[in-house]
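My request is simple: use the sequences and hints to build the entire structure.
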Amino acid sequence: MTISHAVRRHYAERIFAVGGRGEVPEAFRPLEGDATGRSTVEGCRGGGKNVLEVRVRVNDGRVEAISMGCNLCNPAMYVAADILGRWARGRAADEILALEARSEEVLDPWFEALRAPERPADAAEKFRYTLWAVQNALRDDRGLPARPTPDFDPGAPTMGADRPSEETV
Amino acid sequence: MPMAADSFDPQAVRGDFPSLARLRGGKPPIYLNNTCMTLRPRPVIEAITAYYAEFPTCGGGRLDAQGRSSNWFQGELHEHEVESRRLMAELLGAASPSEIVWTRNATEALNIVAHGLQLEPGDEVVGCVREHNSNLVPWLEVERELRARAGDPELVVRRTFDLKPDGAFDLAQALEAISPRTRVLAIGHASNLDGTRISDEDLKTLADRVHAVGGVLVLDAAQTVPHRHVDVQALGVDFLACSIHKMCGPTAMGALYGRKESLTALRPFIVGGDTVSDTWLDRVEYKLPPGRFEAGLQHYAGMVGTAAAIRYVRDHVGFEAIEAHERRLNRHLTHRLLPLLGDHLQLLGPVDADQRGGVLTLASHSGALINAIERQADRQANVMVRVGMFCSNAYLHERFDTRGSAANNLRVSVYFYNTLDELDVFADVVEGVLADPVAAMDEGA
Ligand SMILES: Cc1ncc(COP(=O)(O)O)c(C=O)c1O
Chain A
1 MTISHAVRRH
11 YAERIFAVGG
21 RGEVPEAFRP
31 LEGDATGRST
41 VEGCRGGGKN
51 VLEVRVRVND
61 GRVEAISMGC
71 NLCNPAMYVA
81 ADILGRWARG
91 RAADEILALE
101 ARSEEVLDPW
111 FEALRAPERP
121 ADAAEKFRYT
131 LWAVQNALRD
141 DRGLPARPTP
151 DFDPGAPTMG
161 ADRPSEETV
Chain B
170 MPMAADSFDP
180 QAVRGDFPSL
190 ARLRGGKPPI
200 YLNNTCMTLR
210 PRPVIEAITA
220 YYAEFPTCGG
230 GRLDAQGRSS
240 NWFQGELHEH
250 EVESRRLMAE
260 LLGAASPSEI
270 VWTRNATEAL
280 NIVAHGLQLE
290 PGDEVVGCVR
300 EHNSNLVPWL
310 EVERELRARA
320 GDPELVVRRT
330 FDLKPDGAFD
340 LAQALEAISP
350 RTRVLAIGHA
360 SNLDGTRISD
370 EDLKTLADRV
380 HAVGGVLVLD
390 AAQTVPHRHV
400 DVQALGVDFL
410 ACSIHKMCGP
420 TAMGALYGRK
430 ESLTALRPFI
440 VGGDTVSDTW
450 LDRVEYKLPP
460 GRFEAGLQHY
470 AGMVGTAAAI
480 RYVRDHVGFE
490 AIEAHERRLN
500 RHLTHRLLPL
510 LGDHLQLLGP
520 VDADQRGGVL
530 TLASHSGALI
540 NAIERQADRQ
550 ANVMVRVGMF
560 CSNAYLHERF
570 DTRGSAANNL
580 RVSVYFYNTL
590 DELDVFADVV
600 EGVLADPVAA
610 MDEGA
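As given, the protein sequences belong to chains A and B, one line each in that order. Following our numbering from start to finish, the first sequence increments by one per residue and tops out at 169. Following our numbering from start to finish, the second sequence increments by one per residue and tops out at 614.
The hints are simulated quantities; they were obtained by calculation from the structure and are not laboratory data. Take these hints with a grain of salt, some might be off.
Capping the alpha-carbon separation at 25 angstroms, the derived lysine to aspartate or glutamate pairs in DMTMM-like fashion look like this [said to hold, decoys possible]:
no.: 1; chain 1: B; residue 1: Lys429; chain 2: B; residue 2: Asp451
no.: 2; chain 1: A; residue 1: Lys49; chain 2: B; residue 2: Asp611
no.: 3; chain 1: A; residue 1: Lys49; chain 2: B; residue 2: Asp605
A quick note: this is a predicted structure, and the numbers were derived from the prediction, not measured.
As structure tokens, then:
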């Protein structure tokens, strides 16, 4: 998948340009204080190198702090992690856990943050992976096991249909 | 006769490596992942093939009173087995071939030691913060077992010492970590992450100190045995682990050296056929080392190939030429890359190339940038490097999580067949990517 214009723009302006020696964009800075939940998601079909790590600290039912670690991620994954990192901060854990990662509407606020009404496919896929990872981190905070990651690749024939059905939180 | 160090020319050996004669898109391979595994020269390939073509049988057959094997093929294999073990012992400066145990790799060798030492609660294992997972995980398992036995989840078994800020070994901190409780000092001789190495002098000091408290020195020499002369007796090493596939030898072939008394005191880890001299329904009598540690039928082609690899690396090329050439290569690459480093790309380990053997690792806050360099190197110029954490997760997490991810690293590692021109090709790729990094990330993303 080639990188969409919107992803390239966001990555160049909001992530790469503000990163540098000892400088890391806000969403990717280490969590200040301890995490109460953690998760990892492989965002590449076939177990590639795109591995996103999420650490959260939940306080009083809300995401007090969140930190993303992008292990050899591609720009779309960085962009999704950046946008969802900002979006999740301060939000109620229940609200995030109730979202359905495969739905179309779930992507609306993030495409808006990306300034991408054309809803590019590369961003959509990584938004879903990132949400999944955030939800697993919140499950971890509650002592629940992580749910196995579905295949969100738009080119994949069975969008997660081969995965076990999810339990509700 | 080994080749002269000051005038060594890799062109004199490149013709021996069939994989270097391949072409993709009209261009040859540029193989810069030698820390992981090296290429193989024709004599090694032929030796491996000879086993399968000429005497493809099992070893370990009974010998007659004159030490002769009972049949034709086994007799030929036996001669090769004896010779390869003798060569391995000679390579490491062991007192006897019976101090050499064949393993699949350095990892297995380290497991044999960790599980064989039969440590007790209260015993301590010292290592540095940057041990390769193969020299960390087996000890963490030992720690887990001892904690369970002692019923104390906080029991300290593994003690770590830090390095200098630039990643170089720090003798003072290492010595400080050794106490009367230390039973084992298990350390990497050279780092596969940044190439830094413990000097012979420091290693001898460490050996003396650990022996003085009644412990043993376990050396993970996976990254030194292929590149320089390592003498276990001169250095005071009790156990040494290395991988033959990192020195032009067969894949999945490694060796464990153990000083005779130390090896004899180890409890065999993987046991079964070929490890015993006799069994009864309720008891077993183990062979003397090394036999008791080599369970089941073995990688005989690997042993035959190992002898060829030692002859090629040590006798044909020679460690002086290897060290000198790697230094020349790393100085050149460092010189080319230093001006390109900046906000987005940094060097791991000391800036001085001479302290990093044949390794140069680049780190970034951006995994996308690292990916782009790796991909462009491969697609444009057939350059093969490695990205990731290089089995140094713990250290990278500890030190570098502040840059957003510990995994965003790319490593170049050279061997004697690499050329300055090859490194220029890689440096050109890096330069090209840095000229417009975000555009480069587009390529095949
Ligand atoms: C320092 C070090 N120790 C141990 C190992 C493990 O070697 P192997 O995978 O051959 O067992 C490696 C391999 O990269 C290494 O670099």
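Which hint numbers does the structure go against, in order from smallest to largest?
Of the numbered hints given earlier, the structure breaks just one, which is hint 1.
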